Structure formats: C-alpha cells, structure tokens
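Those sequence lines, one after another, are chains A and B. Residues in the first sequence are numbered from 146 upward in steps of one, following the working numbering. Residues in the second sequence are numbered from 12 upward in steps of one, following the working numbering.
To be clear, the hints were calculated from the coordinates, so they are not data collected in a lab. Careful, some of the hints might be misleading.
Unchecked claim - Rough simulated footprint, nothing fancy, chain A against chain B, three-plus residues with beta-carbon under 8 Å:
no., segment
1, 90-97
2, 104-113
3, 155-164
4, 302-316
Just so we're clear, the structure is a prediction, and the values are computed from it rather than from any experiment. C-beta atoms are modelled at their ideal positions from N, C-alpha and C, and glycine is treated no differently.
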Amino acid sequence: MRELAYYQAKFEALHEIMAADERVHLINGTFLSLSPHRHVYQELVKKYRDRIMSPPISELGFCGLATGAAMAGLRPIVDISTGSFIFEGWPQVVNEAANAFSMSGGQTRVPVVFHLFHGLRGGGAAQHSASPQAMLWNNPGLEIVLPSSPRDVKGLLKTAVASDNPTIFVDHVQLLEVKGEVPENDAPIPFGAADVKRQGSDVTVISTSYMVQRCLQVAEKLSAERISVEVVDPRTLVPFDMATLMTSVAKTGRVVIVDETHQSCGVAAEIAARIAEAGFDKLKAPLRRVATLDVPVPYSPPLEEYIGPREDRIIEAIRTVLR
Amino acid sequence: MWLIRAFEEKVSALYAARQIVGLLHLGIGQEAVAAGTCSLLRTDDYVFGGHRSHGHAIAKGADIKRLMAEIAGRATGYCAGKGGSMHIVAMDAGFVTATGVVGGTIPLALGAAFAAKENGKGQVAVVFFGDGAGQAGPFHESLNIASLWRLPVIFVCENNGYAEFTPLSAHTLVERLARHAQTYKIPSSTVDGNDLLKVRDAMAEAVRRARAGKGPAFVEFLTHRLRGHYEGDPAKYRELSQLAEWKAKDPIARFTRELKRKKAISDKEVEAIKDEARDLVERAAQFAIDSPWPAGEEVDSQVTA
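Let the hints inform the model, and build the full structure from the sequences given.
Right under this line is the structure:
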C-alpha cells in the first residue's frame, strides 16, 4: 500500500477539500507550524489564492470572523497554529462558536474548524506549548479531533470540514514527519470511532495524538519481554467512543492512559473517570495515568522532557498495573 | 418604533409582575436607531446585536410572538428557551445572533460580511453595539480587519452614555467613538440617534457604500436608554435632570411631532398606530404566557448539530 508522510497526507486532504467545496476558506497560518516543507503550502496557495486568507495577528478578530462566516454559510478552516494562541481567540471559540447551536435552539449551525498544534515541541516553553483540548472538552458544543497517523489526519480532516459543528482539530508538530499507509481514495473517518492501533491481551494503553506513536514504540519494546500491549486511540474526544474502549478494558482488565494534557482535569483524568463509572468491576488493578506534570511547561530541554509523558514513565505505569 | 416601545414596556410590566424572570436589558428610548437602520436592510442582510437587542430583532422583522416567548423562557420561543433576552437569534429574519458579551458579536459580523462578499449578492452585515464595546479588544481587531479587507460591514455604535453603570468618561478619554474608525481609515459619522430621519440618512449612505463594494462604515448614534442598565437597576448614577433632558428628546415623540408638523399624519392615525402596536404586543404576551415551559430532557438534544 502507498506510504505517505503525515504532512503529505494532511495536504492531500486539504487539496481534495478545497477542490470539492468552494465554501471552504483557509484562514491564517500554514498548517505546518515551522516545518521546512513550506512548498506544500505554497502549492495550495498557488491553486486557491482567493480562498486562502492571511489576517493580521488578531486571533479574537479572525476566530470570530471565521465563526461568523460559518454562521452565514461558509466552511472556514482556521489555523491557530501554536495551540497556546487559541487563548487569544478564546472568547469567540468557547463563548460564541461553541454555544451558538444550542443557544439558538438549533437555528444556527457553525461549521468552522479551528486547527492547532498542541504540546511539547522542543523549547516552546510555557507560552508556546499548551494542550488546550482538556479545557475545550470542558466546554460543551465543540467537537474535538486528535489524529495520530497519516491515514487518520487525512480522513479526520475531511470529516471535520463536513461537520456542521465547530470542530477543534488538535495536531502535533512531532507527527508531521511520521510515515504510514494511506490508501488512495480513502473514505473519510467518522467521528466517534476509536481505533485499536495495536492488538494486545495484557494491558490496554489508551492514548491520543503524538502519544499514540510513543505508546506504539513502547508496546513494541515490551513485546520483547512477552508483555502484550493493546494501544487504543479514541481519535475524537467529542464524540467519544466508549464502546471500543470498554471492549478492550474488558479483555485486558488493566488500563494505562497516556496523554499530553496536564494531569489535573486533563484528558486522561476524564477518560479514567469514565472507565471507573462504566467498568470498575472489569479492572484487575487500579488504572494509571501518565500525563504532563502540573507545572507550566519549562524551556530547557531536560526540564521539558522531564515533565512530559516520558517513555520510562509509560513503561513504569504498565509494569505497575501488571503487578 | 411604536411596536418596539410597546413590546419593551410589556416586557418590563411582565417582569415587574414576575411573569418573566431573567436578566433583561431594555432599550426604551433608543428605538430610532433600530428602526431607522433596519428599515434600510433586506431580509437577507445579516444583523448582529448585543445584550440590549429586542428592538434590533423586531426592527429586522423577527416574529414578536416567538421573541416574547423566548424572553419568557418558553418552549415556543425562537431558541426554545435556551437563549433568552440576551441571546436572541431569528434566522428567518436575518437576525443572526445577539450576545451577552460586550463586543462579542463584532468579529462575527466581520465573518458574515466576509461571506456576503464571497456570495456576491450585494448583502451587507450590520452589527449593533454600545459605547462600552469601544474599549474592548474585539472592537479594535475587527475595525482593523474590516478596513484592511474592505468588508461590507457597518458598525453601528449606540452611544447611550453609559457602559453598564458608569459614564463613558470613566472608561476612555476618547469622547466620540467614531474617532477610532478614523484611526482605521473607515468612513464615520456621529449622528443624533434620537432623530429617525437623521438615522436613516446616515445609514443610507453607509449601506449604499457597503453594497457597492466600497467597504465598511462606522456610524455612532448619540442616544440614551430611559431605563436602567438592566431591569431592576435603580440607575442612581444618573442625574434626574439628565433623564428629563433625554425624555424630552424621546425619538418617537419627536418623529410624531415632525410628521404632524408636516401634516403627514393625524392625531387619529397616531392613536391607531399605537393601538395596533399595543394589541399585537398583548397578543404576543398572551401567546408567551400560555406557552409551555421547555422540558428538562430537551437540554441535551441540541448541544451539537
């Protein structure tokens, strides 16, 4: 099967989306952060110059603009770029876009996509490394998507644009170079469908975004010790596929949740709570979370590495639940 | 204007009688801006409001029964009781949304204007906001982008002298908010907002420019709300003499006098218009009060589409 780098699959999706629907406009950013592959963005601009907008650095202004344009029938995709910058447009995202459908009694649809890069990126420090998806999950009215592979980024981006809801597309710069199989003419991936990224029988590791890649490496490593790790990727937080998760939990009875949001009230915390409510009796050992420590993200490489869901912490957590 | 006045007086009465419970902001005294502006718009033009927007929605053509029911929190309201007084949406009339956040809809109106420009049908977007919004971030970011991209949006500032409970002078040294538009190279004017014909003249020019693809405009209307910031606000921060002065400038009385001076309307016709407005509003109020409350289970039915 055809293999593509993540960024290639993502831009293949953007080309197909732009070609299929004239209502789609790209607003701000390059969808690449600081990746050197700028040429793929330039190709898109060359082809769709009139529908690719570069606003001033006014997140409040352009997040609102995209929301209002969606209310009026367009389907904009906004690149917030660095996830921390969504805080500059926050009121328009969480207080206007997210509330509009419910607050209007279903009169107003807001088909806007807010794309951002979250997480530890290497020297971003506290103001360029946020993972805002946990805060956003706490705000009803948004759909939240986190791809972790080339195939997923393409299929999920298409579904995000087709959705009539404001959708947060949570990306990670560390994924851009990841290679993987992407079938030609692949179907869009529906929201609310978790994906078992690796089959296993001893322990269920639930993880999202770039952490899925890290967990797959851990699973491979532990297979040498005859520890069989099942890696489950929810792919979307809203809607959330509890059934696939619980099938895996019922099978292994042991759970580790690995996620890059902060530990307290983070994505891992919410998933842990849901598993405890839905299947506490299925657990053979207390579940464990591996999340980012509850500190502002530090700058220095050893400090940044220390606070994240490191490989050694993931392995330790797996060993603990297996004991 | 009479319909808006009668509607809001009824809302006030229902609130006093505890038949409406909720946070209410009335625009009694500011009707000329809503009526004058919206009388120049098409149904497919986009209008955005703020927390004091009953009048804007009515002027744009919202159904007053569904509007009253919404303010009363009933299932038959425009938003099925989920939005209420501050978050009116009447998509059928092109009233896209109001907001409870000062300045919150200004960037949204940019987006509708952006869509209008793409649609190429000569639609415009109009956003109403108060003087309090002029000191907020979305106001400035939006004026800049509207100017830069020549969007067909008209910023309508209802400068009623008070941002919530404090006079504008406590918030900014800029006395006329139209000055900000000059900074961003947007054509602007400051106009007597209690004179219906002047409102129409100023807006006609702004709408004409926007429809012709000549970009945004900013109109600051000087007006006054004759009630407090919210229903129940005793408004002790306001001098009685100031209130009396503005009551003398009541936009409805002024326009009626003007029509009579020109012999364009008789006393009898004036009474007939008032009676009709009151009658329509009474029926809307009855509809609202007779309507069922929404059921609790309905709350999770419309979180996402």
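Verification of the hints:
Against chain A, the segment 90-97 of chain B contributes 5 residues with a C-beta closer than 8 Å to a partner C-beta. That satisfies the three-residue criterion, and the hint holds. Counting residues of the segment 104-113 of chain B whose C-beta sits closer than 8 Å to any C-beta of chain A gives 4, which meets the bar of three, so the coverage hint holds. Counting residues of the segment 155-164 of chain B whose beta-carbon sits less than 8 Å from any beta-carbon of chain A gives 4, enough to reach three: the coverage restraint holds. Residue count for the segment 302-316 of chain B with a Cβ under 8 Å from a Cβ of chain A: 4. That meets the three needed, and the coverage hint holds.
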